[in-house]
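Protein chains: 2
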Amino acid sequence: MSNNIVWHDHHVSKEERSQLKQQQPCILWFTGLSGSGKSTVANAVEAKLHALGRHTYLLDGDNIRRGLNAKLGFSDDDRIENIRRIGEVSKLFVDAGLIVLSAFISPFQDDRDRVRALVNDNEFIEVFIDTPLEVCESRDPKGLYKKARNGDIPDFTGISSPYEAPVNAEIHVKNSELSIDECADLVIIYLKNNGYV
Amino acid sequence: MSNNIVWHDHHVSKEERSQLKQQQPCILWFTGLSGSGKSTVANAVEAKLHALGRHTYLLDGDNIRRGLNAKLGFSDDDRIENIRRIGEVSKLFVDAGLIVLSAFISPFQDDRDRVRALVNDNEFIEVFIDTPLEVCESRDPKGLYKKARNGDIPDFTGISSPYEAPVNAEIHVKNSELSIDECADLVIIYLKNNGYV
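So the sequences go chain by chain: L and U. Just so we're on the same page, this note's numbering is the position in the first sequence counted from 1, plus 47. Just so we're on the same page, this note's numbering is the position in the second sequence counted from 1, plus 47.
Mixed in with the good hints there might be a few duds.
Pairs count within a copy or across copies, as identical chains cannot be separated in the list.
What the hints assert, rightly or not - No farther apart than 25 angstroms at their CA atoms in a straight line, the calculated lysine-lysine pairs in the DSS-like style are these:
1. Lys118 to Lys95
2. Lys194 to Lys118
3. Lys189 to Lys221
4. Lys138 to Lys95
5. Lys95 to Lys68
6. Lys189 to Lys239
7. Lys118 to Lys138
8. Lys239 to Lys68
9. Lys61 to Lys193
10. Lys189 to Lys138
11. Lys138 to Lys221
12. Lys189 to Lys68
13. Lys138 to Lys193
14. Lys239 to Lys95
15. Lys61 to Lys138
16. Lys138 to Lys68
17. Lys221 to Lys239
Hints are computed from structural coordinates only; laboratory data are not their basis.
Using the sequences and the accompanying hints, generate a full structural model.
Following this line, the structure appears as structure tokens:
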């Protein structure tokens, strides 16, 4: 930070932007192993919210790793910076009044807690997509686990890099025991039960 | 970019998110010297759009330099990375269906053109807040120009770092000859004239 910055007050507030959308903005933070179903469930949740007339946006590897974080790799340092930036961008979307769905492996508890700390208490909803490693590995839609087992991909979460399961997730989804639709409903019901939509 | 990424198709499209908001999303990119009135005019434009029921978000030093780009300074390299990230985030907001107002000095033509190239032809609207250096320097609300003249702030645009005036701005605002309200109206009229709102 330098000293040649002048801070301005914003004229249109977060509350006004949220009110226009008639919703309580928040981050739905989907965490889980590669192949656990994070993006699939997040997409299904977004589709249901959109059908309800809610204003949403989905952040995942598709739009983040191709753009904002294209230069970051998968070392521990880069993973930390990756999640930090995604957290900051998610916060901007909450400030804009949207329900933002962020679907990233985000293997480290500290990183997730840092994102949680960026926003108000009720604005961060951690969704643990809890799928056993064996199931993820057996799905292996693009053969990534196979490559990781062969040592072709370094720092692969669950194989050669740790995954720290959430200790305080608001929503716990046992993906391998439910349909995609049921997984998504679990999130929608939480949002309705807690006054978000 | 690594090879351990699986791309997913997004279920809710940009068109659907825009349709819900009944607007044509775009980036309003405000560029100009420090003290030119970028943030002031952008805030006035956002207030007018909000009053019209439009879905907006404002990116400026306040929410970007404090968060996403807090670790970046004002060297040429950091300025380039600063604008690159802001461009990528602006693109995400357009994808979300919003009208995003980005107010940054953004002194280099190449950087602005790179942001322009990130989105579709009609989605980038460059707004040149054209205020003479002497006027900006005489305003100097926080004494930044004075510090820059004294050498206390290095790389200060207009003094010790170049400002490249836009060569292809869609909207040219001579801030020192108009009221804030007139400056904002110029932008609103452009948006109406061109079918954005």
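Structure-based check of all given hints:
1. Lys118 to Lys95: Cα proximity of Lys118 and Lys95: none, with 33 angstroms in one copy and 37 angstroms across.
2. Lys194 to Lys118: Cα proximity of Lys194 and Lys118: one copy only (22 angstroms, versus 35 angstroms across).
3. Lys189 to Lys221: Intra 22 angstroms, inter 55 angstroms, cutoff 25 angstroms: intra-copy only.
4. Lys138 to Lys95: both (22 angstroms within a copy, 24 angstroms between copies)
5. Lys95 to Lys68: Classified as both; 16 angstroms inside a copy, 17 angstroms across copies.
6. Lys189 to Lys239: This pair counts as neither: shortest intra-copy Cα distance 35 angstroms, inter-copy 47 angstroms.
7. Lys118 to Lys138: both (22 angstroms within a copy, 17 angstroms between copies)
8. Lys239 to Lys68: both (16 angstroms within a copy, 22 angstroms between copies)
9. Lys61 to Lys193: neither (46 angstroms within a copy, 34 angstroms between copies)
10. Lys189 to Lys138: For Lys189 and Lys138, neither the intra-copy (31 angstroms) nor the inter-copy (28 angstroms) Cα distance is at most 25 angstroms.
11. Lys138 to Lys221: Neither way: Lys138 and Lys221 sit 27 angstroms apart in one copy and 34 angstroms across, limit 25 angstroms.
12. Lys189 to Lys68: For Lys189 and Lys68, the Cα distance exceeds 25 angstroms both inside one copy (38 angstroms) and across copies (36 angstroms).
13. Lys138 to Lys193: neither (36 angstroms within a copy, 35 angstroms between copies)
14. Lys239 to Lys95: So Lys239 and Lys95 pass the 25 angstroms test inside one copy only (12 angstroms; across, 32 angstroms).
15. Lys61 to Lys138: both (11 angstroms within a copy, 20 angstroms between copies)
16. Lys138 to Lys68: both (17 angstroms within a copy, 21 angstroms between copies)
17. Lys221 to Lys239: within (20 angstroms within a copy, 49 angstroms between copies)
The structure fails hints 1, 6, 9, 10, 11, 12, 13 (numbered hints given earlier, in ascending order).
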